[in-house]
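Taken in order, these protein sequences are the chains called A and B. 355 is the number of the first residue of the first sequence in this note's numbering; add one for each residue after it. 315 is the number of the first residue of the second sequence in this note's numbering; add one for each residue after it.
In case anyone wonders, no lab produced these hints; they're calculated from the structure. Be careful, since some hints might not be right.
Which chain B residues stay away from chain A? Per the calculated CB distances, all over 10 Å, these [what the hints assert, rightly or not]: (1) Val338; (2) Ser443; (3) Tyr466; (4) Leu491; (5) Ile516; (6) Ile517; (7) Gly543.
Pairs of lysine-lysine residues, derived as DSS-like cross-links and limited to a Cα-Cα distance of at most 30 Å, are as follows [unchecked claim]: (8) A:Lys382 - A:Lys416; (9) A:Lys442 - B:Lys352; (10) B:Lys352 - A:Lys472; (11) B:Lys324 - A:Lys416; (12) A:Lys472 - A:Lys579.
Note that the Cβ used here is the ideal one computed from N, Cα and C, for glycine as well.
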Amino acid sequence: MTSAQMDDLIVIENLDFAHSYGAHQVYKGLSLRIPRGKITAIMGPSGIGKTTLLRLMGGQLKPQRGTIEFAGHNIPELSRSHLYEQRKRMSMLFQSGALFTDMSVYDNIAFPLREHSKLSEEIIETIVLMKLEAVGLRGARHLMPAELSGGMARRAALARAIALDPELIMYDEPFAGQDPISMGVIVKLIKSLNNSLGLTSVVVTHDVAEVLTIADKVVIIADKKVVAEGSPEELKNSDDPLIHQFLSGEADGPVPFHYRAPSLAEEILGAQQGESHAG
Amino acid sequence: MLDRIAGLGKAVLDSIAGAGQAMVMLLRALIGKPQLRKSWPLLMQQMYSVGVLSLIIIVVSGLFIGMVLGLQGYTILVDFGAEQSLGPMVALSLLRELGPVVTALLFAGRAGSALTAEIGLMKATEQLSSLEMMAVDPLRRVISPRFWAGFYSMPLLALIFSAVGIYGGYLVGVRWLGVDDGAFWSVMQANVEWGQDILNGIIKSLVFAFVVTWIALHKGYHCVPTSVGISRATTSTVVTASLAVLGLDFVLTALMFG
Ligand SMILES: Nc1ncnc2c1ncn2[C@@H]1O[C@H](COP(=O)(O)OP(=O)(O)OP(=O)(O)O)[C@@H](O)[C@H]1O
Ligand SMILES: [Mg+2]
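Chain B on its own, in the form it takes in the complex:
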């Protein structure tokens, strides 16, 4: 029993220490004067591998989720004779919730795990140490461009997800099930507000982007530099980031729409 309590205490202390390490890592990576000439190409390279390479999974998932929303929404709404509201229903679900949340979950699985594994491997093969010995700060060189790439690309991916999803809803609702084309778009336009819906979705997405990328980088940078350590860190990134996204989503939704 005492062992269990001691174990619990250690787990709590470890996670506090971990959070502290993560905080210090991020601060050191982000403060300091930016060197545009050097960091711009690095950022572009990371935007490509973090953002562009995640496009396919985002577009395909967005399309399917939009189609499912169209189908489910139609079967529910048609019972009330309200199938004209299919447009706003699809659009609002995507912009407020599914776009930011599902994108963040997919991003954690696709890009987050890759970031953790890449940085963990750089640590295990002494590439980070060798940067340090060359007087190049790995936090500025490796962590910082990856952080900004994740932070900028996730909201864009979420918007793409929502746009493709709305198109999927349109395909199913209008093209297949025969909801009126004009009504679908005009009721949607009348009911979706820029500030309340689109902007809040983007804010959510920025928060998720910050958290997921940060967790992925921290888990990689502070992993145990062995193959077991890296595989644990990668799993932990996906689990921790997903839970953080879902938990934060509730908090943010309560603040924004509650």
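Looking at chain A on its own, in the form it has when it is part of the complex:
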């Protein structure tokens, strides 16, 4: 193994993926490296398959082709029990939060600790309160998930995702639905978790400005593969029109804003022609 490989926690090579046979291909020949101990931001148009990519890394979906190596283990080929072993080292913040609705906020965050550690209830309580304090929800510990706002639920889910101090955290849209203050807090939290614990973070987000301030590496996905990657500075200084379009958020440019479809004019004219034939 060369030193460059040692420094990558996740190495994806030549990945092909479609949700089901014959369905729209999400990835074709995607290759990607996630450096260990760094924050990697993954950006791309909505619906391009960012959530799908995180699920592939977590072994919830199986690619049709290609390898996904997590710390040297090829995730798609692991047996169930080995996959579960590896999953104890990672954690995922789901786009929807996915708190367990039959447990209080406190129990949600204590859940992974109770499942996977042999800590006593007193120590678990200390950890849970610390994690809740970090996301500003210590006062909400007795609430049920149904009593939280969308942004609060997401922060509670974030506290749960970091409860076990995993090696890898995958954040799916951590900033969505946050007011500017909690957004700032979460940005700082992701950064400080990364610095103090040395964990590897993958952040999927549309909030370009926020993530560029903390990311070590930025990956832009479009057209079934990685179209640009590099440090935030490299991307900001790039004169590639695609990168420019993405970072400044323009609808017209090399990245299509629309879900694949015939052009609007064609579709409207086509419909009218159909009607005139019928009439």
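For chain A, the structure is supplied; the task is to place chain B with the ligands on it using the hints.
Chain B with the ligands only, in chain A's frame:
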């Protein structure tokens, strides 16, 4: 025409695939070493929501069905001067047939639909995915305790149903219509056999419990995770489970009493 045949073929293939999925789900949920310390509280919690919460509907239905049996039985038997046989008639109908069958049908409507909807919603809100990502197997954590809770509680509910039903028959037959109290119980005791009647009823009930709970869990776990998908799955649980119970009841009755 060809389309219809193709459609039929697809439906058959889909249902075979569905049965396969259901089989794999159950096997994976049930095999493996049990972790008593963790699964006991989960089982108790589910026994409560699946079993205890179904008690009211079971008791009320049992009472009414027993009363109807008492009334109908009496009017038929009295024409032959055989109203002394009301006791065994009520008891045998309940223990052999109505107890297990009606309990299973009510259970499918009350607990089965709730199980499907609950699990479907857990799937739609990514709670199952998030368990998986935490390296907790949702089959062991969510499916298995619910399965055992259904499997253990339905036979108990069926016995309660039959007991309450016999009491209902007694209320109508003896207290209201004036069948002899002693004859009602003694003829019943003389004619109800432990092995032939009670045990066979319990076996039926165990089979129904297995099938209904399994169908409910499978429909929830493999539903399309949207509101339409969940509502379809819930309906499908009640319909499929009810038909399965009635069909199996015929087969079992033929084997046991035929
Ligand atoms: N279960 C599924 N079955 C079939 N297709 C799916 C499924 N889930 C997602 N897709 C398709 O896969 C593509 C990628 O979806 P994904 O959720 O990964 O997008 P995303 O990049 O996370 O979008 P967003 O930024 O809006 O969250 C979409 O085109 C979607 O239509
Ligand atoms: Mg997404």
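We went through each hint and held it up to the structure:
1. Val338: Given a closest Cβ separation of 12 Å, the condition holds.
2. Ser443: violated (6 Å)
3. Tyr466: holds (21 Å)
4. Leu491: For Leu491 of chain B, whose nearest Cβ neighbour in chain A is about 49 Å away, the distance exceeds 10 Å, so it holds.
5. Ile516: With a cut-off of 10 Å, Ile516 of chain B remains clear of chain A, as the shortest Cβ separation is near 32 Å.
6. Ile517: holds (34 Å)
7. Gly543: Non-interface label stands for Gly543 of chain B: nearest chain A Cβ at 16 Å, farther than 10 Å.
8. A:Lys382 - A:Lys416: The given pair, whose Cα atoms are some 14 Å apart, holds under the 30 Å limit.
9. A:Lys442 - B:Lys352: holds (18 Å)
10. B:Lys352 - A:Lys472: holds (13 Å)
11. B:Lys324 - A:Lys416: Distance ~25 Å between Lys324 of chain B and Lys416 of chain A Cα, so the pair holds.
12. A:Lys472 - A:Lys579: Given pair Lys472 of chain A, Lys579 of chain A is violated - Cα atoms ~42 Å apart, limit 30 Å.
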